[in-house]
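S.K.: Here's the letter readout for the chains.
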Amino acid sequence: MKRRLLALSAIGVAGVMALTSCSSSSTSKATTSDGTTTIKLLAPDYGTAGGPDSSQTYWQGIADAFHAANPKITVKVQTIAWANWDQVATLIQDKQYPDILVGDAPQELAANGLLYPLTDVMSQSTISNLIPVFAKQEETSGVAYGAPFTTSARAMFYNKKLFAAAKIAAPPKTWADLQADAAKIKALGGGNIGYGLPLGPEEAQGESFMWMLGNNGGYADASGKYAINSAANIETFNFLTSLVKAGDTQPSPATTDRKTVWSDFAAGQVGMVGGSGALIPIIKTAGKLQTTDWGVATMPGKTAPLTSALAVHDDITAFKAGGHAAEVKQFLDFAYADKYQIQFDNEYNLLPATTSASTSLTASDPVAAGFLATVPTSVVYPNTANWNTLKSKIQQTIGTGVQGTDPSKVLGGLQTFATSNQ
Amino acid sequence: MTQTTHPDVRGAGPGPGEARVVSHRPGGPLRRLTRALAPLPWIAPATGLILFVVIWPVVAMFQTSGQHYSSLGFDMGSAGWKNFTRLFAEADLTSVMVRTVVWVVAVVTITMLLSLGVAQLFNKQFPGRRVARWALIAPWAASVVMTTLVFRWMLDPNNGAIVVFLHQLGVVKDFNGTGSNVLANPVSAFCWEIFVAVFVSVPFTTYALLAGLQAVPADVYEAAKLDGASAFRTYLSVTLPLLRPALLVAALINVMNVFNSFPIIYELTGGGPGNQTATTTIFMYTTQQTNIGEAAAMSVVNFGFIIVIVLLFLRASKWNSAED
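Note that the protein sequences, when read in sequence, are chains A and B.
Going by this note's numbering, the letters in the first sequence line up with residues 1 to 422, in that order.
Going by this note's numbering, the letters in the second sequence line up with residues 1 to 324, in that order.
The following block holds chain B by itself, in its conformation from the complex (with noise of 0.2 Å):
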């Protein structure tokens, strides 16, 4: 660590003996390499930061994949590829890999849409348009294991607000009965869970739209109305293609924070019953209680994921550029 935060020290200056006598001559080779690695103090620190809070990271993780633990944690040796064997042998693997698309897909398309529409009105002149901007901002701004906690007290089969709200209307029979507990059932706790994601996705989506949508100049809506466009027609052929570049990056990062999402999921059901709501991220997580390996093997899947989602994400901006 020290040597690459003060990389070359005796090359930087001259040298005692012999090295002085090179560096006078000019365009010497040390001279060159002198150059070469003048800009190495500079930018040696942030490089010396990304390889240790990110490279080493990932290359612990694979590793980690490759070495069999104990389940005490203590590292047995080489595992060869029997943690992804045993991964891939898993009879609930399937099933969660379905459910994250699942997952990634509805969240971000549903937030999408709304955030269209929300970004839509927020940019219009409207009174308290002030008020409803700053609202929007609170389910961001407060922490995601806060909100998803609100909204399990809300789900209590016993006494919870959305409970309790369903039994005045009459759609619960019973407090404590079947069909009070949401979050029992598969099906209808993802489906929450994919509520609390769009809820939580929502407000920094729209403003991320907003901004698009507020660099959008005003004279091509001019010259689209001249053209006797309608609402509908400006909308499609203009407001859409401007907003694009907004949309692709609001769409990748919505992509992989839906992705490696983990409070919502955790909080409200843990996965459970089994796995039967969980995502890769989940699914990870409770395998490291049973085998840490095979836990990593998992992470090697998930980071393999998102390596792809980065690709085609570049890929798309090259051809969006390209087009502009």
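Isolated chain A (complex conformation) (with noise of 0.2 Å):
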């Protein structure tokens, strides 16, 4: 028994000892004698980890290219997968930054001074190419320190069969019609649902901002001050409330993730459901509604559609601990040419973040089109220091407001949440 303790603390400390010497490693030059210089970059995955659509795939790909024209420098890819996706907070804590990030969004990284400006790893003839509305999104005090990467769109995706067995004409434009037309479908009977509405943690900031947008609300007022209990967001809470009460989406908003919809969805069981291109190849791997048993429409406001559509991006951020500015320099620039982000979007059903390639995927996708047609007058995220703190609150607890919780409790808590963890 003492002999297993004692060579279990032995364990203990050669684990210790494992530990330290991992941490140490990572401070190591990267540029060896001969002159090449290894960056690093860690990427998020899209698709499945091993399987032939993951991202790790896309990255060696240009990782290799970029090798091959560049010999004195080698990309070194890591990917990890979404759903661990903490352990990149981890890494950052433990201060192993990787010299690449992709994911995340800069401002936080940018307040602790871990970046690059992005006119040091990027020359200005790419960053020029950026589409404005999201390369606006990521300045902090008016600097830039990171760029989109990806980009998608977000619209509503409506049932055509259940449209037609509900003798329902038109996707809906207005709030009214859009609770009409989801007692209709929800009158079919077979469990089926009219408006799926996922205010569950996974991406309640999401739903509520569309709906928010409907009636000219949104996170913060014109002047970039946050105005989460505005009366037009309490208004949109209000209804959102009746819509819940009668039943007319699927019983538990504050709990259902997005992909529990989606997938819903998919199945041919919703009527209509906040969705992105990031939802057709759900749809197709379903295998129950064809290309023709679905459509997309814009997102019904209050007295008329959305005019300007929530738009989401993933950015590129560099980090400065490594000192490899050039070299990051030169890879971001090989990497953002238009074949490359079309290939990703291609791969992944998600958008570009270039002009020059959203022109040219216009051309020949036209889903990606219609999406696409929507960005340059989009509405993105708030891009305060404190917003990736804020939206886990709201992810949270902004669900409860459509259930009973008076909303403009719900929304004077998340306000005043916001307003004092600045």
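No lab work stands behind these hints: they were computed from the structure.
Keep in mind that this is a model prediction, so the values were computed, not measured.
Even for Gly, the Cβ is constructed at its ideal location relative to N, Cα and C.
Misleading hints may appear alongside valid ones.
[As the list claims (entries may be wrong)] Heads up, incomplete: computed chain A residues facing chain B, CB under 7 Å, no partners named:
1. Gln-93
2. Gly-247
3. Thr-255
4. Thr-389
5. Thr-400
[Stated by the list, open to error] For lysine-lysine, the following PhoX-like pairs were computed, each having C-alpha atoms within a straight-line distance of at most 25 Å:
6. A:Lys-391 to B:Lys-82
7. A:Lys-245 to B:Lys-173
8. A:Lys-76 to A:Lys-320
9. B:Lys-173 to A:Lys-161
10. A:Lys-225 to A:Lys-136
Fit the two chains together into the complex; they arrive one by one in their own frames, and the hints show the way.
M.R.: Here it is in structure tokens:
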């Protein structure tokens, strides 16, 4: 017994030593004596790790082509599944910075002084090719610390089969239309859901935002100050409460995640749902709906469809710690070529982040063209430094505002949280 | 670490020069020190292990609760009591605390009462007892997350087995309709969570009590019978008092388990909607996503809870051994 304990504590000591040796190795210089440099790229996997659609393949392809053109620079690619993305926070807390990070917004990292300004790591010609609405989003007090890499826009998907069965001629334009149509679809019975409203922890901030926009609301007012509990937003949530109460949505919006609603839509059981291009492969995989069975329409607003859609994007940022600004710049200029942008969008049904790639994709892909048309006027999330923290809070609590808790109380609580944690 | 596992190597054997001379003198101060330190090589590994895996995390937790962390997780220096004041200012905290007490009391009470009955049954001879005893192990042997997931699927508002059954009985009118999603309503969801917690707690408790029952000597029952005690009277005055040590242990372990239980609530509702089905453990987890320091403060409060419970138990068991 005691011997075992001794062995155990020895293992503990060895473990601690192994940990310290790991962290010390990360500080070693990546430039070797013969002038070759290795830069590390860390990216989320938009596909399945190890599968044919893994993003590892995509990035490795670029890295290999880049290495062939620039033999002195090697790009080491590492991908982590979105589901395990927490690991990145751990790496950063541990000061194990990559040179290039794909995925996270720059504000928080920039506020901690970890990032290169974008102009240090991307040439002016590439920067000016970025879609302006997203590029603007990268700024922290006037300086951009990151670049959009992939984007998507939201619209409403509807099930044409269910619409026909419920004798609805056209997709709804206003909230009142939507409520009436949802009621008709629900009345078909068989467990059909009128409108899929995912306000669970996965994506509540996006769904809420789309509805707020329909009433000229949003998370911030025109001056950029948080206005979560504005009268317009409270009215929006009162409407959503009535929608839920009438049974026109699935039973529990506050605990339903977007992936559930999307797979229900793909299974043909949901009349309408807010979606992006990422829903299309899910519909195809499920195999229940043919391409002619579903349509995409602009999200309805209170009195008219949204004039500006919600668009979201994932970013590329470059860390200062490695000191490889020049090499990163060469690589990013290489990786932002149209063919790689379009390759990514075709693989995952997302949208490009550059103007030139958008133009050529608009010409070749009608579905993407529909989404891309909404991008120039689209609305994005606030780019405040505490948005990430606020987002977690929104995801946890905002759904209660449509399930019986007074919306002014829920939104008021979020407003207090947003302004007191800046 | 090396120092604690191999303590005082120089003192243990005769060292060079002066030390050797000293060690030859019987009863010298060094000799006494050596003798006092003699058990150290045997207890040091265990002590070291406890320090490493128990005390260190506790210290780290207390430290974390006093630090201010940025949203990226960087330590920004001392926060004083700010994490605690923020925690106690949370609008949901009171309801979460009350719910935690309800959760622990309800789950442990129902579990204990059910297990007393089941243990009594399993202590009797009946055909198929062996099979029944084995069957009871299943919920215990299965991973709690797995069991909970099975329940979540059975409660799916569209095609869950329980919902389909209720639909056939006419209790649930429409699939995906109001009333079909019991996990949506905080009250019904919490009741289901209590049910699942009881389901996974009963096997252990039953076996603990069964062991206690088997330890009761047969002659006390004989004596009770000779005195003309009724079955109910025998149970109340003979079985229960003799079962008290087993009852106490089972209750304490259950209280701690249930208080710290995370997977059942997390998998069924995630504490939602909002925090309306969260206990303090779940609340700590959701707080951690927005504020690490505040979550650590919640952990400290939880730790305090557990300490109080353990102290109460130690007191109860002392009272118990005094009466024996």
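S.K.: None of the hints should be skipped; say for each whether it holds.
M.R.: Now for the hints, and whether the structure bears them out:
Interface restraint check for Gln-93 (chain A): the shortest CB-CB distance to chain B comes to about 4 Å, inside 7 Å, so the restraint holds. The closest approach between the C-beta of Gly-247 (chain A) and any C-beta of chain B is roughly 5 Å, which is under the 7 Å cut-off, so the hint is satisfied. Below 7 Å, beta-carbon pairs count as interface contacts, and Thr-255 (chain A) has one with chain B at about 5 Å; its hint therefore holds. Checking Thr-389 (chain A) against chain B by beta carbon gives a least distance of about 5 Å; that is within 7 Å, so the hint holds.
Taking 7 Å as the C-beta cut-off, the interface hint given for Thr-400 (chain A) holds, the closest approach to chain B being about 4 Å. Using a Cα cut-off of 25 Å, the hinted pair Lys-391 (chain A) and Lys-82 (chain B) holds, with the two alpha carbons roughly 22 Å apart. Proximity of Lys-245 (chain A) to Lys-173 (chain B) is assessed by CA-CA distance (about 16 Å); at most 25 Å being required, the pair is judged to hold. For the given pair, Lys-76 (chain A) sits about 17 Å from Lys-320 (chain A) by alpha-carbon distance, which is consistent with the 25 Å threshold.
Annotation: proposed proximity of Lys-173 (chain B) to Lys-161 (chain A) holds, straight-line Cα distance about 24 Å (limit 25 Å). Proposed proximity of Lys-225 (chain A) and Lys-136 (chain A) is supported: the alpha carbons are some 17 Å apart, at most 25 Å.
Of the hints listed earlier, there is not a single one the structure fails to meet.
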